[in-house]
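Participant: Here is how the chains run, residue by residue.
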Amino acid sequence: MTAKQTPLYETHVKYGGKIVEFGGWLLPVQYEGILEEHKAVREKAGLFDVSHMGEVLVKGPGALAFLQKLVTNDVSCMADAQVQYTPMCYLDGGTVDDLLIYKRSQDEYLLVINAANIDKDWQWIQDNSAGFQVELTNLSAQTAELALQGPLAATILSKLTAAPLMELRYYWFIPEATVAGKTGMLSRTGYTGEDGFEIYCRPEDAAYLWEAIMDAGKPYGLVPAGLGCRDTLRFEAALPLYGHELSSAITPLEAGIGKFVSLDKGEFNGRMTLVQQKQSGVKRQVARFVVTGRGIPRAEYPVVYENRQIGIVTTGSYAPTLEKNIGMALVQTEYAAIGQQFAIEIRGKQVAAEVIGKPFYSRKGK
Amino acid sequence: MMNIPKELKYSKDHEWVKVEGNTATIGITDYAQSQLGDVVFVELPEAGAELAVGAGLAVVESVKAVSDVYTPISGKVIAGNESLADAPEIVNQDPYGEGWIVKLEITDSAKFNELLDSEAYAQLVAEGGH
Chain G
284 MTAKQTPLYE THVKYGGKIV EFGGWLLPVQ YEGILEEHKA VREKAGLFDV
334 SHMGEVLVKG PGALAFLQKL VTNDVSCMAD AQVQYTPMCY LDGGTVDDLL
384 IYKRSQDEYL LVINAANIDK DWQWIQDNSA GFQVELTNLS AQTAELALQG
434 PLAATILSKL TAAPLMELRY YWFIPEATVA GKTGMLSRTG YTGEDGFEIY
484 CRPEDAAYLW EAIMDAGKPY GLVPAGLGCR DTLRFEAALP LYGHELSSAI
534 TPLEAGIGKF VSLDKGEFNG RMTLVQQKQS GVKRQVARFV VTGRGIPRAE
584 YPVVYENRQI GIVTTGSYAP TLEKNIGMAL VQTEYAAIGQ QFAIEIRGKQ
634 VAAEVIGKPF YSRKGK
Chain F
45 MMNIPKELKY SKDHEWVKVE GNTATIGITD YAQSQLGDVV FVELPEAGAE
95 LAVGAGLAVV ESVKAVSDVY TPISGKVIAG NESLADAPEI VNQDPYGEGW
145 IVKLEITDSA KFNELLDSEA YAQLVAEGGH
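Protein chains in written order, with my numbering: chain G, 284 to 649; chain F, 45 to 174.
Only chain G is shown next, with the shape it has when bound in the complex (with noise of 0.2 Å):
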């Protein structure tokens, strides 16, 4: 399969991005460097070509009692113009995708997805929808988004658009917002545990609203910002990522994201399963952990305890913003509680490591 371009990956070569393959699409890793980048959208503000993110419209009657059963969260506590995180599960209980609900109305959502996912998940929401009274439609190709995300992320956003920013709340949208004389769906939301925002518009006005953006940001200190640092980024804020903290084999409790799990909503697909495990116990959960030993903790290296794999690495990094090595680990239960002692095992060697509480990072006054 030949990798995609997004409608920004002419502007990504033109500002000096490393392009990498991922999940199915070439975008750029870096431009100046992951660890400038990280720090600029901790400090000031960072701007991300998101647009290989997958969007499904969910349209009908049926949609509401559709997605009560296609998710695990409680989508009827949701508002108009509310965003909503929920993993997706599949009957066993194990994941198919986590993903952003936009509340357009009663009976109209659009569903935001994992990139590497869209195609398994479009199969996976189609053949659900039987019985429902829904119209679905993938919007994938149709969308292009960016992400504005950092402490001055409003101040330089507010530059270019009259949407009342200020009164737009952490998680809720603006469906019609005018962005640089661009119309697209303006959202405050991110990936990156800062403040930020999210903006959906036509791939055809994707390349003038960066420049624009880029332009509105300068002297703010506004960089732009590969997946490198959304990596990082969201790592230190402890977000799951697809393929990482989250798999077919792994459920939203094992993951530590039990609270975007309402069992007490009704039969969704996966309660079964969900329920068993929050009355038993999980057997197993992902840890956070600081590596108070040396080296660099990786997906896939072993968790050792008294020379017996107890787990695997999900995710681990050098963390720019804390200076420290840490990870995410799926362990056995009993070797998830803060203040745990275990080994990363890497390149054969066992170095210390420690559960510490999560997340690694929060921002300031949320």
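Watch out, some of these pointers could steer you wrong.
Using 27 Å as the maximum straight-line C-alpha spacing, the simulated DSSO-like pairs for lysine-lysine come out as follows [claimed, not checked]:
1. G:LYS465 x G:LYS342
2. F:LYS50 x F:LYS120
3. G:LYS542 x G:LYS561
4. F:LYS62 x F:LYS120
5. F:LYS147 x F:LYS56
6. F:LYS147 x G:LYS632
7. G:LYS548 x G:LYS561
8. G:LYS632 x F:LYS120
9. F:LYS56 x G:LYS301
Derived from the structure by calculation, the hints contain no laboratory data. Keep in mind it's a predicted model, so treat the numbers as computed, not measured.
Got chain G; can you put chain F on it based on the hints?
Facilitator: Chain F alone, transformed into the frame defined by chain G:
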């Protein structure tokens, strides 16, 4: 433009070698560090370890990548650059100077003639590094 000092020898795996008497100093090239990105960890070999050509010499990790450095010549480890423990970014900032990685006592110079001079290495980089 990549910095490729004339006085050094190079391996096809983007290491540089500086030979002084019986001692070889080894590091990674400017091209290698730029490809890796921000270096955040360097694992060094034990002093005294005897390494044949192609053996693992060090591991250089950037934020996203783990890269093995293989020794381009056979030798016994005299020392690793301990200052990289606290400041691995020196590998990015000064790859041919303060960012050196290992000093070896040369035990076998048989493979010397397989190393590239600066012109041949520049050619390799110009062709995309492979």
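Participant: State the violated hints by number, sorted upward, taking the hints as numbered earlier in the document.
Facilitator: none
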